[in-house]
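There are 2 protein chains.
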Amino acid sequence: MSDHPLIRLSRKPALLVAGLMSGTSADGIDACLAEIREGDRGPVPRLIAHRTFDHDPELRALLLELGEVRAGGVPGPDRVEWVARANVALGEALGRAVRDIAAAAAVPLSSVDLIGSHGQTIRHLPAAGAIGALASRATLQIGEAAVIRELTGVPVVADFRVRDVAAGGLGAPLVPHVDRLLLSQPGKRRAAQNLGGIGNVTYLPDPSTSESLVAFDTGPANMVIDAVVRRITQGRETYDRDGARAARGTPARDLVEQIVAADAYHARKPPKTLGREEYGVAFVEDFVARCDARALSEDDRVATATWLTARATAESYRRWVLPRGLDELFVSGGGALNPTLLAMLAEAMPGVDVKTSAACGIPPLAKEALAFAVLAYELVHARPSNCPEATGAREPVVLGKLTL
Amino acid sequence: MSDHPLIRLSRKPALLVAGLMSGTSADGIDACLAEIREGDRGPVPRLIAHRTFDHDPELRALLLELGEVRAGGVPGPDRVEWVARANVALGEALGRAVRDIAAAAAVPLSSVDLIGSHGQTIRHLPAAGAIGALASRATLQIGEAAVIRELTGVPVVADFRVRDVAAGGLGAPLVPHVDRLLLSQPGKRRAAQNLGGIGNVTYLPDPSTSESLVAFDTGPANMVIDAVVRRITQGRETYDRDGARAARGTPARDLVEQIVAADAYHARKPPKTLGREEYGVAFVEDFVARCDARALSEDDRVATATWLTARATAESYRRWVLPRGLDELFVSGGGALNPTLLAMLAEAMPGVDVKTSAACGIPPLAKEALAFAVLAYELVHARPSNCPEATGAREPVVLGKLTL
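Top line first, the protein sequences correspond to chains W and Y. Number 121 in our numbering belongs to position 121 of the first sequence; there are no gaps in the numbering. Number 75 in our numbering belongs to position 75 of the second sequence; there are no gaps in the numbering.
What the hints contain is simulated information worked out from the structure, not anything from laboratory work. Each hint should be verified, as a subset may be incorrect.
A pair holds if it fits inside one copy or across any two, identical chains being indistinguishable in the list.
Unchecked claim - No farther apart than 25 Å at their CA atoms in a straight line, the calculated lysine to aspartate or glutamate pairs in the DMTMM-like style are these:
| hint | residue 1 | residue 2 |
| --- | --- | --- |
| 1 | Lys188 | Glu298 |
| 2 | Lys355 | Glu277 |
| 3 | Lys188 | Asp242 |
| 4 | Lys269 | Glu35 |
| 5 | Lys272 | Asp286 |
| 6 | Lys269 | Glu257 |
Put together the whole structure using the sequences plus the hints.
Put into structure tokens, the structure is as follows:
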């Protein structure tokens, strides 16, 4: 009975855990390897390695297609078959990413104890649908855990969001639990801002007070910038490397103010969440049409999209974060590698000390992957890992499903 | 640490387990409650209660729609959203079924230790697809475990098939492991025939010999009969109750011989598996057209579809079972409640003793649900539960995913 793998894992003083994240922009897989020990306040992770693996272009196209809403009548494949096959194809890519990061870190795969995999969100529908059986609130992540398990020989925890949705929550954000473990510090009021496809913030009040955590999606982050760069370059470039295009351009600030003012999302009280849908094809078409109307140059368009990200984020903070007081802001995600965006963020939030998560020891591209390694570790110990104050769930619940 | 629910479960001498099955015909949920003890050869289940819960018509229509292949261009909803919402809607129905069967058995929900849920197969694609990332072999069951867990408070094991597919297998049949536990007996050569939407057999050789188990899908079972009854009655009836229509009619035996002879599936060597697709809309259209050409009466059509099931099953046995010797045949599934079908089966297999699984203590409608209760129990003990000789998998693997 003590041979039971979960019993063995729950008794080890430290686990070697791989974390896997495939973000809304479907660029690739952020993978990390971390040692996680049991501390006084729960898990204490130490990052060993992290790396980003680009998706095969065919898989990326498949994931992006599934992420778009397509009513019937549009020519295309049987999308139910696509969901089934893409689930496995992404699982294969995720399994290879674990093998590759272990090899890169010179760690034998057999010494990896556990994998935590977020997978790819292809629908996030935390609000009730229109009719009958379709009314059920839902979220759907793919990236088959059984395939990862077979390719690695390592137990996998995956499919974290749906349990929070089942418990009445929005299923997002899930990183706040880990932000609290990593960043919460007496005497400090801190925020962790992730800039992936969508932006999200975790506000951590001074833990010596009784104030509660706040976390929510802040608006578009890299999604709109990436989409604009892809259109300008006919897909040759997929993002604004080092923010170079935005740095050369001049943002159309009044256009951005119009868009931010028109976005009813900002006024909604947290907890609240966004899907890829909100800033997808339709949003970008409208953005481009407005840039066309002003005959903006290519660089100006990228600068405008970048300023939009900064301003949307700042607008979220103005309403829901800054009134509570903020000492430090740690930025992570792909957007943290864009110095033009960071500078614009600092400009849009005067008085806030904006730095990347590297300042607290977490490389910006490793944080989300590390978070899902920690959530997997929590399941091994049968501990809840959602933050009801962030998701709106009825209660704390154990997130994820275990494949032995 | 000993508070860990899985550790607690793996130490209990007996578990109270609910089993849930939602078959390919999407009529409803077969639910059972069983006490499972640890015996010398593994789990020993004792059935406590079983019951079938009809699906809400709207949910049933949704599940049937998702089960059909629809290329793009056909008017309809966003099918990815349907997959996401149907997954949750079915999870809600499954969770209610557990609550209802516990209530019916006068067992407090809090004393149920574990739930094993098969879910609904909406795609079964164990063969590689045509191109690139779409080539991945796959299977897709829905019926969200996290929702079942929230509605019941009981840990859930679900999503059993995909691990076997990931291990190189067909992902079906999975019941043979349980058939062996329940039926294998020294000195006897037995077969367990399930007649659900699709038929499948587990052949259990005399365990005192070194012969190996054979298991495979045998062909259409209730799917074609049900579809014909639904067409005749414009959907007012969904199956041939007590086989009454078939008993009044006369089967067109030569037509059935043509169909069986033309079905290349029978000649394929096991392991082999079938999906809903093979005997779906296209097959039934063809069947009806041939009945039209002969101007068959309504009852004759149902009799012909019933004889087709009997003959297809017998043809499978003639090729792959009878040459090895067979003493007893136990029929389970909805088809076991159709006396006309049972009589036709006996006629099509002269010399074989055809009885229902009730003869060995298992009510025909409870067997599949009981099987998934047993598979869930096996995961709690971290034991493999696929039969590689039945699925073609590379090796025995632990099936299912655990939601705590």
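Numbers of the earlier hints that this structure fails to satisfy, in rising order: Hints 1, 2, 3 and 4 not satisfied by this model.
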